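J.: Residue-level listing of the chains:
There are 2 protein chains.
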Amino acid sequence: MSIRIGIFGYGNLGRGVESAIRQNPDMELAAVFTRRDPAAMKIRTEGVPVYHADKAPELADKIDVMILCGGSATDLPVQTPALAKYFNVVDSFDTHAKIPEHFAAVDAVAQESGKVGIISVGWDPGMFSLNRLFGNVILPDGKDYTFWGKGVSQGHSDAIRRVEGVADAKQYTIPVESALEAVRSGANPELATREKHTRECFVVAKDGADKAKIEETIKTMPNYFADYDTTVNFISQEELNEKHGGIPHGGFVIRSGKTGFEGENTHIIEYSLKLDSNPEFTSSVIVAYARAAYRMNKEGMCGCKTVFDVAPAYLSPKTGAELRKELL
Amino acid sequence: MSIRIGIFGYGNLGRGVESAIRQNPDMELAAVFTRRDPAAMKIRTEGVPVYHADKAPELADKIDVMILCGGSATDLPVQTPALAKYFNVVDSFDTHAKIPEHFAAVDAVAQESGKVGIISVGWDPGMFSLNRLFGNVILPDGKDYTFWGKGVSQGHSDAIRRVEGVADAKQYTIPVESALEAVRSGANPELATREKHTRECFVVAKDGADKAKIEETIKTMPNYFADYDTTVNFISQEELNEKHGGIPHGGFVIRSGKTGFEGENTHIIEYSLKLDSNPEFTSSVIVAYARAAYRMNKEGMCGCKTVFDVAPAYLSPKTGAELRKELL
Chain A
342 MSIRIGIFGY GNLGRGVESA IRQNPDMELA AVFTRRDPAA MKIRTEGVPV
392 YHADKAPELA DKIDVMILCG GSATDLPVQT PALAKYFNVV DSFDTHAKIP
442 EHFAAVDAVA QESGKVGIIS VGWDPGMFSL NRLFGNVILP DGKDYTFWGK
492 GVSQGHSDAI RRVEGVADAK QYTIPVESAL EAVRSGANPE LATREKHTRE
542 CFVVAKDGAD KAKIEETIKT MPNYFADYDT TVNFISQEEL NEKHGGIPHG
592 GFVIRSGKTG FEGENTHIIE YSLKLDSNPE FTSSVIVAYA RAAYRMNKEG
642 MCGCKTVFDV APAYLSPKTG AELRKELL
Chain B
342 MSIRIGIFGY GNLGRGVESA IRQNPDMELA AVFTRRDPAA MKIRTEGVPV
392 YHADKAPELA DKIDVMILCG GSATDLPVQT PALAKYFNVV DSFDTHAKIP
442 EHFAAVDAVA QESGKVGIIS VGWDPGMFSL NRLFGNVILP DGKDYTFWGK
492 GVSQGHSDAI RRVEGVADAK QYTIPVESAL EAVRSGANPE LATREKHTRE
542 CFVVAKDGAD KAKIEETIKT MPNYFADYDT TVNFISQEEL NEKHGGIPHG
592 GFVIRSGKTG FEGENTHIIE YSLKLDSNPE FTSSVIVAYA RAAYRMNKEG
642 MCGCKTVFDV APAYLSPKTG AELRKELL
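In order, the protein sequences belong to chains A and B. For the first sequence, the working numbering gives the first residue as 342, with consecutive numbering after it. For the second sequence, the working numbering gives the first residue as 342, with consecutive numbering after it.
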């Protein structure tokens, strides 16, 4: 029998989950939930019902794992605990500073309901976190580096769009190649914010807007751009749509450390991602962890988990014997 | 209280474990076991006893985890099951084809004794296996590539040393850069053995040996060299000692796959290692898994495990809350 997945929230991430489920024959999409009008919503998978979000509790026996596809700012802090009462849940909560309280909220409900909730799944937090953990435990005498990009930062693009005179914008975060090389050399450099990443902005100005002022406003924007070397390129809406329509992303987690009685040997562990579609890759990670949530719950586990708590074998539809034979 | 580690076999790997334990304050070296004369053995850590291998069962209550540092050909198939009767054990068994039977042998004993045995720990099998698994589950519509090197292959170096007229030798396995680039492009190329790696040999010939014949013998050696582009360099013993005394290694696991309703987006996941010392890095991985074996056993688990069965949090001395706060 397939693992029956519910999608809660049908934006970029929800659509990514929908397409990822198709690549996993042991799973099926059981239902999509939305806060909009379900009758007006068209999804890609034929024959799958769309319900209003409020109906979710009534579907408790029709769905094995509910995947939450809302935002970390206001949706997930409320929705993940609420739905963990009825379902095994997986979310991609990514507000790093608030993970401890989100974990506690989901854990309290899931311990009570006997369900498994896996939070903060994706690539960062998620696969990058795992690689930071593995790097730390293998090379305790070492240093971590995380670089992001080249990729689109939604938050920075939004910040530019709020600048007066801006019609549309896209911002790329770009790791500095010389910083990457310094880290890969094993030199364990101390790198300032400005030395790790640059920011490249493609901006569509409104007719008659003061471009010099827009550029100045962007480059000096605190938190978002002031600490970086930022370039601003003004282009037409057509060019923005044509050349910058995708949502690529990626990055690098590098652990550099020493071993030996005198610390005489240096080792570099590098994990990198090059992603055409940030939401589709995130969704693909989430779907694998949905399988784990289902299987761990079947074995009697409950409560809140993160990627740190999931034995990798649970992610695969293959048996332990198959995994040992084929992948070990 | 520290986790008390025993080292069973004191070669390169055993010394690597000894130095790795020093980097982990929650662990201590309790004893070293050898099949040689313990009285003649000098180890680096002061005050730690060296026992004959036969004495191990008598130390069952003095050691929390026994780390087996012997070879996969004849040592580990016998020793790991034998010691799992008395101890939690970790080994680096790396004969891929025989993993299923080794697993079964260790599992039978460990289920009975109530101990945890983690086999095939290191980087391949080990960290590379984990990355193959993660790649497969995240991008099911994709392809795996594993490249090794640049690094010293002990087996190939030994094979050269057995050639008539050879006094000493060192062999490097080198990934072909253009093959790596083709994989990173997302093209999912089919690569023949010869296209993935080259082999570079540094050979010290005995006085008066026929160098042309040695070179011919190496290059046409079945299994080891015949399927590769191999270069043979004759050098002096002094140069070999001076320039090729290390045991570096490393490699790459790359997963390239597609997502989207039409498979329109390509993603590349790359994990790479650049290691100054193959045995010290392997040891460092093993020591982290020794911590996991101890903690899993404390929680009541038993039986044979691999890296696939170990939730990453068990590898770290930090609490779940610390890990979520600092690394997630």
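By construction, these hints were calculated from the structure, which means they are not laboratory data. These numbers come from a predicted model, not from an experiment. Careful: at least some of the hints might be erroneous.
One copy or any two copies: either way a pair holds, since identical chains are not told apart in the list.
[Stated by the list, open to error] Simulated pairs of lysine-lysine, DSBU-like, Cα-Cα distance not exceeding 30 Å:
{"id": "1", "residue 1": "K584", "residue 2": "K554"}
{"id": "2", "residue 1": "K554", "residue 2": "K537"}
{"id": "3", "residue 1": "K403", "residue 2": "K491"}
{"id": "4", "residue 1": "K639", "residue 2": "K666"}
{"id": "5", "residue 1": "K666", "residue 2": "K439"}
{"id": "6", "residue 1": "K439", "residue 2": "K560"}
{"id": "7", "residue 1": "K484", "residue 2": "K599"}
{"id": "8", "residue 1": "K666", "residue 2": "K484"}
{"id": "9", "residue 1": "K666", "residue 2": "K426"}
{"id": "10", "residue 1": "K659", "residue 2": "K639"}
{"id": "11", "residue 1": "K552", "residue 2": "K491"}
{"id": "12", "residue 1": "K599", "residue 2": "K666"}
{"id": "13", "residue 1": "K547", "residue 2": "K426"}
{"id": "14", "residue 1": "K554", "residue 2": "K659"}
{"id": "15", "residue 1": "K659", "residue 2": "K560"}
{"id": "16", "residue 1": "K484", "residue 2": "K439"}
J.: All hints are to be evaluated individually against the structure, with a verdict given for each.
T.: Cross-check of the supplied hints:
{"no.": "1", "hint": "K584 x K554", "result": "within (25 Å within a copy, 60 Å between copies)"}
{"no.": "2", "hint": "K554 x K537", "result": "within (27 Å within a copy, 53 Å between copies)"}
{"no.": "3", "hint": "K403 x K491", "result": "neither (40 Å within a copy, 52 Å between copies)"}
{"no.": "4", "hint": "K639 x K666", "result": "both (25 Å within a copy, 28 Å between copies)"}
{"no.": "5", "hint": "K666 x K439", "result": "between (40 Å within a copy, 9 Å between copies)"}
{"no.": "6", "hint": "K439 x K560", "result": "within (28 Å within a copy, 60 Å between copies)"}
{"no.": "7", "hint": "K484 x K599", "result": "within (10 Å within a copy, 33 Å between copies)"}
{"no.": "8", "hint": "K666 x K484", "result": "between (34 Å within a copy, 17 Å between copies)"}
{"no.": "9", "hint": "K666 x K426", "result": "between (38 Å within a copy, 25 Å between copies)"}
{"no.": "10", "hint": "K659 x K639", "result": "both (16 Å within a copy, 28 Å between copies)"}
{"no.": "11", "hint": "K552 x K491", "result": "within (25 Å within a copy, 51 Å between copies)"}
{"no.": "12", "hint": "K599 x K666", "result": "between (33 Å within a copy, 25 Å between copies)"}
{"no.": "13", "hint": "K547 x K426", "result": "neither (48 Å within a copy, 76 Å between copies)"}
{"no.": "14", "hint": "K554 x K659", "result": "neither (58 Å within a copy, 49 Å between copies)"}
{"no.": "15", "hint": "K659 x K560", "result": "neither (50 Å within a copy, 40 Å between copies)"}
{"no.": "16", "hint": "K484 x K439", "result": "within (24 Å within a copy, 36 Å between copies)"}
When each numbered hint is compared with the structure, violations occur for hints 3, 13, 14 and 15.
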